[in-house]
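S.K.: What follows is each chain in one-letter form.
2 protein chains.
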Amino acid sequence: MLAPEAVQELKAIVGEERFRTDMETLVTHSYDATPMFQALPDGVIFPCRTEEVQAIMQVAANYRIPVISRGSGSNLSASTVPAEGGIVMVMTRMNRILEIDQENLTATVQPGVITKELHQAVEELGLFYPPDPGSMAVSTIGGNIAQCAGGLRGLKYGTTKDYVLGLEAVLASGEVIRTGGKLAKDVAGYDLTKLLVGSEGTLAIVTEATLKLLPKPEYRRVMVAHFTDLEAAAQTVSEIIANRIIPCTLEFLDQGTIQVVEEFANIGLPTDMAAILLMEQDGPQAVVDRDILRMEEICRKGNAAHVQVARTPEEGNQLLAARRSALSALARSKPTTILEDATVPRAAIATMVRTINEIARKNRVRICTFGHAGDGNLHPTCMTDARNQEEIERVEEAFAEIFAAALELGGTITGEHGVGLAKAPYLEWKAGKAGIEVLKGIKRAFDPLNLLNPGKIFAKETRPRVVITCPETREK
Amino acid sequence: MLAPEAVQELKAIVGEERFRTDMETLVTHSYDATPMFQALPDGVIFPCRTEEVQAIMQVAANYRIPVISRGSGSNLSASTVPAEGGIVMVMTRMNRILEIDQENLTATVQPGVITKELHQAVEELGLFYPPDPGSMAVSTIGGNIAQCAGGLRGLKYGTTKDYVLGLEAVLASGEVIRTGGKLAKDVAGYDLTKLLVGSEGTLAIVTEATLKLLPKPEYRRVMVAHFTDLEAAAQTVSEIIANRIIPCTLEFLDQGTIQVVEEFANIGLPTDMAAILLMEQDGPQAVVDRDILRMEEICRKGNAAHVQVARTPEEGNQLLAARRSALSALARSKPTTILEDATVPRAAIATMVRTINEIARKNRVRICTFGHAGDGNLHPTCMTDARNQEEIERVEEAFAEIFAAALELGGTITGEHGVGLAKAPYLEWKAGKAGIEVLKGIKRAFDPLNLLNPGKIFAKETRPRVVITCPETREK
Chain A
1 MLAPEAVQEL KAIVGEERFR TDMETLVTHS YDATPMFQAL PDGVIFPCRT
51 EEVQAIMQVA ANYRIPVISR GSGSNLSAST VPAEGGIVMV MTRMNRILEI
101 DQENLTATVQ PGVITKELHQ AVEELGLFYP PDPGSMAVST IGGNIAQCAG
151 GLRGLKYGTT KDYVLGLEAV LASGEVIRTG GKLAKDVAGY DLTKLLVGSE
201 GTLAIVTEAT LKLLPKPEYR RVMVAHFTDL EAAAQTVSEI IANRIIPCTL
251 EFLDQGTIQV VEEFANIGLP TDMAAILLME QDGPQAVVDR DILRMEEICR
301 KGNAAHVQVA RTPEEGNQLL AARRSALSAL ARSKPTTILE DATVPRAAIA
351 TMVRTINEIA RKNRVRICTF GHAGDGNLHP TCMTDARNQE EIERVEEAFA
401 EIFAAALELG GTITGEHGVG LAKAPYLEWK AGKAGIEVLK GIKRAFDPLN
451 LLNPGKIFAK ETRPRVVITC PETREK
Chain B
1 MLAPEAVQEL KAIVGEERFR TDMETLVTHS YDATPMFQAL PDGVIFPCRT
51 EEVQAIMQVA ANYRIPVISR GSGSNLSAST VPAEGGIVMV MTRMNRILEI
101 DQENLTATVQ PGVITKELHQ AVEELGLFYP PDPGSMAVST IGGNIAQCAG
151 GLRGLKYGTT KDYVLGLEAV LASGEVIRTG GKLAKDVAGY DLTKLLVGSE
201 GTLAIVTEAT LKLLPKPEYR RVMVAHFTDL EAAAQTVSEI IANRIIPCTL
251 EFLDQGTIQV VEEFANIGLP TDMAAILLME QDGPQAVVDR DILRMEEICR
301 KGNAAHVQVA RTPEEGNQLL AARRSALSAL ARSKPTTILE DATVPRAAIA
351 TMVRTINEIA RKNRVRICTF GHAGDGNLHP TCMTDARNQE EIERVEEAFA
401 EIFAAALELG GTITGEHGVG LAKAPYLEWK AGKAGIEVLK GIKRAFDPLN
451 LLNPGKIFAK ETRPRVVITC PETREK
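In order, the protein sequence lines correspond to chains A and B. Letter 231 of the first sequence, counting from 1, is numbered 231 in UniProt numbering, and no numbers are missing. Letter 447 of the second sequence, counting from 1, is numbered 447 in UniProt numbering, and no numbers are missing.
Just to be clear, a hint being listed does not mean it is correct.
Covered stretches of chain A, going by a simulated chain B footprint (3 or more residues, C-beta under 8 Å) [what the hints assert, rightly or not]: (1) 81 to 93; (2) 159 to 170; (3) 226 to 233.
Only pairs whose alpha carbons sit at most 27 Å apart, straight line, appear in this in silico BS3-like list of lysine-lysine [as the list claims (entries may be wrong)]: (4) B:K216 x A:K301; (5) A:K212 x B:K460; (6) B:K212 x A:K216; (7) A:K334 x A:K156; (8) B:K216 x A:K156; (9) B:K440 x A:K433; (10) A:K156 x B:K116; (11) B:K116 x A:K440; (12) B:K301 x A:K216.
Derived by calculation from the structure, the hints in this document are not laboratory data. Backbone N, C-alpha and C define an ideal beta-carbon position, used for all residues, glycine too.
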């Protein structure tokens, strides 16, 4: 519950209209895209300017009110659920593209800009902003920065982190800092820009970002390959990279995903195949054509049952449709869909997929796996029912084993979704005790009163570590 | 002075041979490549294994001994001068390339590996490690990581930060942390990997690094353009980028540099020119040839007095010789050479060079400017004499004005050399008071006893900010 004086002060900053405590607004901001996490905030506030964010933080500091900043809430780690109450600060009204600087190849934006709108704005000028998270039609750049969003183009182009050059951010104290700038090189002090990217609103509130743009690739082409054998598909991924080809996307769907997508979308997918690889290359046409030709040969040599190169952009889009509709298809099949993103070194993909299947069988849960094969970022997705407590416990056990397996293979518990609430109990498995202490020290340095998105990243209790032996490490 | 017990314990860890307190060794490790900074350490230690680094740090923590880790000491910000005494920890005996993983395109190395040796090792396998600092023939990867080294290829390929995927590091407490991994995507907690890169040995001691590799570019080609007019050269840089060409290097030499280099090297440079641009493109041959042709046209349209495209790799190397010998040439002309690296947004280069010349004239000092035009990272270089105190004061005033001017244009006080001791008095100009407090908080979180490279990055006193108005901002 907020003190009446605090409410009054907050209303004085933004006006009655932009500070809400009605139940409808509270419920609307009690959850994000993560299933099974929900908590009511005490208020919801909609700032329009950096100065308002500063003033709100000063009130929050005075009255010790937690502040959870968010954009569209499309994250998948319960990163914006107000776990300890407080005020949800919705950044969507700070949604202007302030500048696209064609000389310095930068865009300066407010945090509420929708990712896809930025894509369109820069592409009209022949420029390119590569990060393309699955939620890009609704996600905000501020949210992408908070979570360090990835996407399909990560293999060739990296993730959000690689495109944030500078930030304006409001600290827990209400003070403003400015980091970086329109600069390719800047080593003046520790890199606060990269530290804030992926910090999930726990260190500061981003109010402006300067982003790096690239020239837009001139040409793009899509191809697909079907495999009766999972190993052959994974081996083909490795062969492509070993041949020094870095396609802009290199996506993978396992048999379970293929079957569910076909059932949902009826687009003629081969439900008897063990795996589909989807590849796209972009760049100058001559290079794209050459790379596609070479990937076609590698797929054929790698025993693909079927290889198809799109002849037109429309055909390319059709081929990509299978991947694009994967999540929607999986989400329809059962009441609750849990989408994870355990990530492994690229060369360990086949082992990881086999391990996931083994874990699912053992725990009697249904998990389909698709994802970014090129960068080892897999999305094992569980179709379940949150109302079935007994099944949910088995699902949780299965995911704990999946995280343990990813770490066993040199991977991580989350490639692009973030820690939030959902993966906090597992973070120590990756970071180690000493690492967690360092992370907590950084949190304290920024936010000594623990007001910014409290309860996230750091769990009250670490889950006991599951011992898992992956097939590959077993063989050794 | 070290306590005799501490000396005994340190010798017990590494043996007599690898812990030195003789004057010759102390003097040898009292300075780095930065002129006018020197301080004697109390001892010099040469660890061979991570466990030794841990044990040394435990002794250092017990006896409150500062520890300054270093590689070859080729940095230009006095970042490895033992300003407050203590032990210099030389990492050059941990110099093995542990693995080059061709499936995951990574190299795992110890910190003492020489940058150029890594280049050679990966290039033999058709792979590529882009960071190429000027000192790469002697610099170590550990030093590159500590300073976030840049180089000539920064415009297209970024800097060291963009290639460090994971680290093993020893904390001030002696504990080990492991960050990241062979992973393109990893958002498990704040990004400690990127935070440690560029932290100049003040947060932890890097004992192992996993680096990202790229396929080696198939082909490369060099060209040069001479300009009678500085503006025309700068405008040409902007035009190249505006035409969506990102060359792998785009270097600039001003008239002063041209004259000094020609005097030194006698390679037929046109001493009457206001500027030379050197461009290199790499990639598939068809693309390189097309980009070179387009850059040639842009240079001609931009009123270049002379344009030459190298016909052979040997001719390319000859053209690059002017840039490569710039520092040596400048360094020979006077007893003391101060090489700075104020950096501005690319579009502000002409303004910045003009401002530098104006500042040099006003302060009656000789400054030549060359550097990475494509990424706005300039190296204004002052030829002076450290023994002439009156002149040195004018030099310092001039550099203070240059830093102020860079900031005025949206730039930074250091693009790739680091803060160290040399630029610590200016850091607050860039980071702001609130920013400095955040940076200090991070330092305290890692190193509460202030043992790791104390005195660096944070100055005892901030230099009063010079007020400078650049020609461009004056016109507004």
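S.K.: Could you run down the list of hints and mark each one as holding or not?
M.R.: These are the hints, each one checked on the structure:
Only when three residues or more bring their CB closer than 8 Å to a CB of chain B does the claim for the segment 81 to 93 of chain A stand; here the count is 0, and the claim is violated. Against chain B, the segment 159 to 170 of chain A contributes 3 residues with a C-beta closer than 8 Å to a partner C-beta. That satisfies the three-residue criterion, and the hint holds. Chain B is given as covering the segment 226 to 233 of chain A, and this is violated because 0 residues of the stretch bring a CB closer than 8 Å to a CB of that chain, at least three being needed. With a CA separation close to 24 Å, the supplied pair K216 (chain B) and K301 (chain A) stays within the 27 Å bound.
Of the pairs offered as hints, the one joining K212 (chain A) and K460 (chain B) is violated, with about 35 Å between alpha carbons and a cut-off of 27 Å exceeded. Note on K212 (chain B) and K216 (chain A): the hinted pairing holds, with a Cα-Cα distance of about 24 Å set against a maximum of 27 Å. Of the supplied pair hints, the one linking K334 (chain A) and K156 (chain A) is violated, its CA atoms being roughly 34 Å apart against a limit of 27 Å. Under the criterion of a C-alpha separation no larger than 27 Å, the hint pairing K216 (chain B) with K156 (chain A) is consistent with the structure, at around 14 Å.
Our distance criterion of 27 Å between C-alpha atoms is met by K440 (chain B) and K433 (chain A), whose separation comes to about 23 Å. At roughly 25 Å between alpha-carbon atoms, K156 (chain A) and K116 (chain B) fall within 27 Å of each other, so this suggested pair holds. The straight-line distance between the Cα atoms of K116 (chain B) and K440 (chain A) is roughly 37 Å, outside the 27 Å bound, and the hint therefore fails. Restraint check: the Cα-Cα separation between K301 (chain B) and K216 (chain A) comes to about 24 Å, which is no more than 27 Å; the hinted pair holds.
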